[in-house]
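Trainee: Fit chain B to the given chain A structure using the hints.
Number of protein chains: 2
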Amino acid sequence: MAGDKKFVEAITSMEDDFAQWYTDVVKKAELIDYSSVKGCMIIKPAGYAIWENIQKELDDRFKETGVENVYMPMFIPESLLQKEKDHVEGFAPEVAWVTQGGLETLPERLCVRPTSETLFCDYYANCVESYRDLPKLSNQWCSVVRWEKETRPFLRSREFLWQEGHTAHATAQEAEERTIQMLNLYADFLENVMAIPVIKGRKTDKEKFAGAVATYTVEALMHDGKALQSGTSHNFGDGFAKAFDIKYTDKDNQLKYVHQTSWGMTTRLIGAMIMVHGDNRGLVIPPKIAPTQVAIIPIMQKKEGVLEATAELKNVLSNFRVKVDDSDKSPGWKFSEQEMRGIPVRIEIGPKDIEAKQCVVVRRDTSEKEVVSLDAVEKKVGEILDRMQVEMLERARKHRDSHTTTALTYEEFKDAIANKPGFVKAMWCGDEACEIKIKEETTATSRCMPFEQENLSDKCVCCGKPAKAMVYWGKAY
Amino acid sequence: MAGDKKFVEAITSMEDDFAQWYTDVVKKAELIDYSSVKGCMIIKPAGYAIWENIQKELDDRFKETGVENVYMPMFIPESLLQKEKDHVEGFAPEVAWVTQGGLETLPERLCVRPTSETLFCDYYANCVESYRDLPKLSNQWCSVVRWEKETRPFLRSREFLWQEGHTAHATAQEAEERTIQMLNLYADFLENVMAIPVIKGRKTDKEKFAGAVATYTVEALMHDGKALQSGTSHNFGDGFAKAFDIKYTDKDNQLKYVHQTSWGMTTRLIGAMIMVHGDNRGLVIPPKIAPTQVAIIPIMQKKEGVLEATAELKNVLSNFRVKVDDSDKSPGWKFSEQEMRGIPVRIEIGPKDIEAKQCVVVRRDTSEKEVVSLDAVEKKVGEILDRMQVEMLERARKHRDSHTTTALTYEEFKDAIANKPGFVKAMWCGDEACEIKIKEETTATSRCMPFEQENLSDKCVCCGKPAKAMVYWGKAY
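So the protein sequences, as listed, match chains A and B.
In terms of my numbering, the first sequence opens at residue 1 and continues consecutively.
In terms of my numbering, the second sequence opens at residue 1 and continues consecutively.
Treat the hints with care, as some may be off.
One copy or two, either will do: identical chains are not told apart, so a pair holds if it fits within one copy or between any two.
To be verified - Keeping only pairs whose Cα atoms sit at most 20 Å apart, straight-line, the calculated EDC-like set for lysine to aspartate or glutamate is:
no. : residue 1 : residue 2
1   : Lys380    : Asp365
2   : Lys314    : Asp431
3   : Lys329    : Asp250
4   : Lys27     : Glu68
5   : Lys63     : Glu52
6   : Lys149    : Glu104
7   : Lys314    : Glu64
Think of the hints as simulated: they come from the structure by calculation, not from any bench.
Chain A with its partners taken away, still in its complex shape:
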């Protein structure tokens, strides 16, 4: 059946061309479509359903820590954006400007939010008076715009969806604790829901967020050995508070500045999921986040009793997210589609199976195939989904660890970046000049100074001066 291969044949192998493989997967798995708006993507049902599951998981976790959702305007007046110096310098070159409303030219340009620190600061300046009003723990789900030149689906687009949390606290310590709390929440979500292992650490000053005192990050390694910044959490100290005059009266009756944080995750996570778990047959979605966990595909579905047995099987599996594909395509075609879409488990059931009171259960990531008695199928599917979730994380961790090199000399470093795709661990003196030199000569950037520091040597891998920290380096998306 030639048609059965439609999906498989059309996809480039990741070993041949990883970038093309990625593009093929996002298109063939029907996650996105290109739009006639340059640099902006259409997120199709299969892609958006993954984002909805990500949202639900994160939103529940945020709310458990006391965070409340709000909605801020999508426009920022130019004068408001300019209030914090570093921030405006970081963002102004890449924003979209609204200059006309209706038939009139606006008296002041408005930028479409690239992020909303300035709006939240303006809001907090109005509504924070006393220590009783603190902490403010807010989040919003929205889209933001950054006028990128080069775009790639999910990874870098002119508009993307995200959440941005913004908090204000009475003390510096509380703000630092919240920054780390949210980073840990992100790491836990990535590892236990998305099955993506991460390195937690702090960004160097060069790589930190515009206006932040400290930026913390969770860094993941993609299948091709490139790094992807997967979530960031920023401690602003009182810098924004001073720029926006956000003060509160403390218990001691003194006026003090608040201390702030912000933290965000984006639709980029879907890109990470594809590049960590996908294979040459398409997407592989971790069971916990999969919109459909089980695809039931009837065999010889026109034979008497097959569709009835399929429907019954769906009922038995009602604890899972199940879809039956009883379209008029051939089973082979349906298998390819289910694999391309990354549905964790496929169940095949035909007349012979029904007679033998069994079905065939196939696991997406390993292609393991088992004949399972219909009496035992609910338990079995649960076990497979649980095991798959755990093993996907383990596999990704093994890949990450086997693609992490230690470099003690600059020669080793350059060799690793050029020839060994993955993270390179190396010591650093703390001087931005070395970061710049490394980036210019190798294209690698500092990903983070991990919380779990190792003392690889006493010397900076680049300049040989005394080392201050171990840094993860890598080429990055």
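Mentor: Just chain B now, kept in the frame of chain A:
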């Protein structure tokens, strides 16, 4: 206790000044805040939590009918907006234009979406090929921008949140059925969840959506007798399909145009809820949509055992959405706050109650107060919430019906619009000239031609020519 009255004193009575009462409620109930972006509002946690409940209820209902969520870009190139003639004429005067991206002037202006018909059409033109691809049933949750001159929180703002459904069908009949199906879904949601009774009907050609063949609407009556369009569902026929060339190959192998619909509801619903149910003590939220259904307020909370009993009571009521207010404000202050915020049920519990194994349960809308045994409190609260939900709808329906006048002559009509706040039912000849005359002379607009037609007389209330339909008229937000 003077402080206790903070909330109550600050609010204008609705009989004195309904508009000011409304503004006071949205501010004092902490639903919104004004932003430094003219015409755009900040939706605060208490307001956004209501929107989240509205979203959840509607989204579940949409999905039950096979609708899938997607996300389209927020920008529309000017050339794309111009493809459907009526549509661009309707929207172009009130959109915001992005003319600069980063440091460059864009080759083509992009409007910030006022609605996304053109984007969905562009998408469907690319992905619909065969009858097998139909129907397309899509929805998105997003914000849209319309450059309004006069704005009011929730009712009319330059940016608002909404859902917009967009479907494409093989036949005209299927499109009409979907249009009515979604209108009925909206009506059911408004009546059974928001406790807002509605008139379902069709808009006149003058009032229909730019580009639609037919617009259907659910119209609600506010407490002050003004109408509020609360949701619309549009049948586009094949007009957009022809403008965007959206064709499919039918079973008979002929190329045919699709038939389309769109339908939307917005954060305006929160405004409707305030103006239908609110009173001079503030907001009254229908139990099914209330973020907090029960507020427990301990009395003499520093006495031994009070906070423990409060916590236990919260546990007993774990089937409901419950908050305990154990802040250091006085009970009277807390009562006022709970009333201002519209929380459906308040429970007071103090040392004497604990001794007598009872508590005091107060219903927000009627102020009914009952002493309830702690053993019976869970059942009782459930009954009160159920009854309150039903009675809020009944009360609103009685108000609506007692504020609906029948006018047989133009004198009666003018008198009713001038002196009897509410809907006016009157016959109409179908001529737009009469609609225009009525609007100019009375400020009333045609709200809809209700599905439940009555033959009040044979003559148009305005011109006396033969009547074609009974119309609901009214002043509107």
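Trainee: Work down the list of hints and note, for each, if the structure agrees.
Mentor: Now the hints, each set against the structure:
no.	hint	in the structure
1	Lys380 / Asp365	within (16 Å within a copy, 52 Å between copies)
2	Lys314 / Asp431	neither (60 Å within a copy, 56 Å between copies)
3	Lys329 / Asp250	between (69 Å within a copy, 18 Å between copies)
4	Lys27 / Glu68	between (35 Å within a copy, 18 Å between copies)
5	Lys63 / Glu52	both (16 Å within a copy, 13 Å between copies)
6	Lys149 / Glu104	between (29 Å within a copy, 11 Å between copies)
7	Lys314 / Glu64	between (33 Å within a copy, 17 Å between copies)
Checked against the numbered hints listed earlier, the structure breaks hint 2 alone; every other hint is satisfied.
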